[in-house]
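K.L.:
From first to last, the protein sequence lines stand for chains A and B.
Each residue of the first sequence is one higher than the last, beginning at 167 in our numbering.
Each residue of the second sequence is one higher than the last, beginning at 167 in our numbering.
Check before you lean on any hint, since a few could be wrong.
Note that identical chains are pooled: a pair holds if it fits in a single copy or bridges any two copies.
Said to hold, decoys possible - Here are the computed lysine-lysine pairs in the DSS-like style, where the Cα-Cα straight-line distance is at most 27 Å:
no. : residue 1 : residue 2
1   : 268       : 316
2   : 371       : 444
3   : 212       : 188
4   : 431       : 212
None of these hints come from the bench; they were simulated from the model.
There are 2 protein chains.
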Amino acid sequence: MKTETTIQGLSASLNPARAARKIIGFVPTMGNLHEGHLNLVREARKLCDVVVVSIFVNPIQFGPNEDFDSYPRTLEQDQHLLAEVGCDIVFAPTVEQMYGNKPRLTNIAVSDITNDLCGLQRPGHFDGVAVVVTKLFNIVQPNFAFFGQKDFQQLAVIRQFVRDLNIPLEVIGVPITRAEDGLALSSRNGYLSAENRAIAPTIYKTLQTAEAELLAGTALAEVLANMNTTLTAAGFVVDYIEARTPELQKIEQFDQDVVLFVAAKLGATRLIDNLQVKYPAA
Amino acid sequence: MKTETTIQGLSASLNPARAARKIIGFVPTMGNLHEGHLNLVREARKLCDVVVVSIFVNPIQFGPNEDFDSYPRTLEQDQHLLAEVGCDIVFAPTVEQMYGNKPRLTNIAVSDITNDLCGLQRPGHFDGVAVVVTKLFNIVQPNFAFFGQKDFQQLAVIRQFVRDLNIPLEVIGVPITRAEDGLALSSRNGYLSAENRAIAPTIYKTLQTAEAELLAGTALAEVLANMNTTLTAAGFVVDYIEARTPELQKIEQFDQDVVLFVAAKLGATRLIDNLQVKYPAA
Numbered sequence: 167m168k169t170e171t172t173i174q175g176l177s178a179s180l181n182p183a184r185a186a187r188k189i190i191g192f193v194p195t196m197g198n199l200h201e202g203h204l205n206l207v208r209e210a211r212k213l214c215d216v217v218v219v220s221i222f223v224n225p226i227q228f229g230p231n232e233d234f235d236s237y238p239r240t241l242e243q244d245q246h247l248l249a250e251v252g253c254d255i256v257f258a259p260t261v262e263q264m265y266g267n268k269p270r271l272t273n274i275a276v277s278d279i280t281n282d283l284c285g286l287q288r289p290g291h292f293d294g295v296a297v298v299v300t301k302l303f304n305i306v307q308p309n310f311a312f313f314g315q316k317d318f319q320q321l322a323v324i325r326q327f328v329r330d331l332n333i334p335l336e337v338i339g340v341p342i343t344r345a346e347d348g349l350a351l352s353s354r355n356g357y358l359s360a361e362n363r364a365i366a367p368t369i370y371k372t373l374q375t376a377e378a379e380l381l382a383g384t385a386l387a388e389v390l391a392n393m394n395t396t397l398t399a400a401g402f403v404v405d406y407i408e409a410r411t412p413e414l415q416k417i418e419q420f421d422q423d424v425v426l427f428v429a430a431k432l433g434a435t436r437l438i439d440n441l442q443v444k445y446p447a448a
Numbered sequence: 167m168k169t170e171t172t173i174q175g176l177s178a179s180l181n182p183a184r185a186a187r188k189i190i191g192f193v194p195t196m197g198n199l200h201e202g203h204l205n206l207v208r209e210a211r212k213l214c215d216v217v218v219v220s221i222f223v224n225p226i227q228f229g230p231n232e233d234f235d236s237y238p239r240t241l242e243q244d245q246h247l248l249a250e251v252g253c254d255i256v257f258a259p260t261v262e263q264m265y266g267n268k269p270r271l272t273n274i275a276v277s278d279i280t281n282d283l284c285g286l287q288r289p290g291h292f293d294g295v296a297v298v299v300t301k302l303f304n305i306v307q308p309n310f311a312f313f314g315q316k317d318f319q320q321l322a323v324i325r326q327f328v329r330d331l332n333i334p335l336e337v338i339g340v341p342i343t344r345a346e347d348g349l350a351l352s353s354r355n356g357y358l359s360a361e362n363r364a365i366a367p368t369i370y371k372t373l374q375t376a377e378a379e380l381l382a383g384t385a386l387a388e389v390l391a392n393m394n395t396t397l398t399a400a401g402f403v404v405d406y407i408e409a410r411t412p413e414l415q416k417i418e419q420f421d422q423d424v425v426l427f428v429a430a431k432l433g434a435t436r437l438i439d440n441l442q443v444k445y446p447a448a
């Protein structure tokens, strides 16, 4: 496994694969890898000849009061894990390599589906994601790109701009990887105190209960209210609980496939999770 | 020469060239081709193995009161001209082929350098250009893309977002093609009455006079004022006369290379032109 820190180095590493028309798979990450990321790499390994993983903590997707500076950077450990799951090339550029010295004037905005859910509390966040992912796509030029369904809104935003801009690759969404107790894996779980770590799986349990209620015929609004009650009682400060179509359109009743979204704070740590509930076939 | 009207058809036509690692040159146009466009194709022909020309009147770069509906569409004549100058593939998609049936949510904005000059009178115009050019780049995936220097601001905007987004191609700016009397060729020249067509070359003469004045030591502000006087006296309604660096930064004195920009209406027809004046080496 090679590690490249420059765009030029990465291109040189990938050129033989491109010339041989090999299938290139790409997994963009911010590092501090856990089993969720590794499952993305395993999925890429199945479908592709060459697997590239980027590790880049992207400054422009963090708000001024967010955790850019303190975001965990664990490159050596990440390299070790990636080598084990069959990554071919790690791309770990500096901020300067990605953004250069001249000011960036270009922004990519995906309207409507970035203004609510996680976008409401994080203005500009998804613009920053769209810009960096577009840059990485143009640098790596993969055939397939792999993203976790945990960041479901991010995945929907990426699918949208890939379609709108005709970016020549296929986006693959990979199901959420969970700890044994159900907590969706996240780099931010490491911020949780032991006590809060024990409470955190309540989010997934609440989503499972909601699914059962929906399938039993409880009205959607009541199900969402129950989720709020449960999470608040457990000590969460709920940021949002919402039901959307898989394309993130608002939905009033469980009359089609629905995705249930939760974002909630436990202490200072903001956790997100989601669960897709299939509408039962008639 | 082939004509493709679908993205799929174009990809099928280009795949053998891609597999053989041929150099692909791309000239995006809105059709109604004149010698200016044909010179872009000739330039592409020199540098590339395969030359693709797109003909697409892009609705999203026209304002509500602009000439989208009346913009001249002359595909057969264009095909004939392109075959003569060695174009390999014409890509002439429909609006539906380019934008599909689902709403486009993604926008690309290049700040600062799109808000003035032609952008001031045409809000959203350069966003529409950035989106369609990015889409075409992703569809054609050329090694080189050719644009005329007549639309100097457009060229600067394209260079900017190509750099900011790491789009993997080289942008080539091709000098303005002029009629014998100096008028910069433009599809919109066809809108001019015979009388106004005779007046139109005054723009270029004014630019040449300005260059001579600058090189003779006249202050930049005075030179710009003289241009305004001359054009107004000739019957133009001046939209703007400006001096900028080649990167479109404002400039107060002729102490470096400068580009002089003119946009002016003659009757109902808006004409633009520009001239780069090199700062004399010491």
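K.L.:
Going through the earlier hints one by one, which of them does the structure break, listed in rising order?
P.N.:
4
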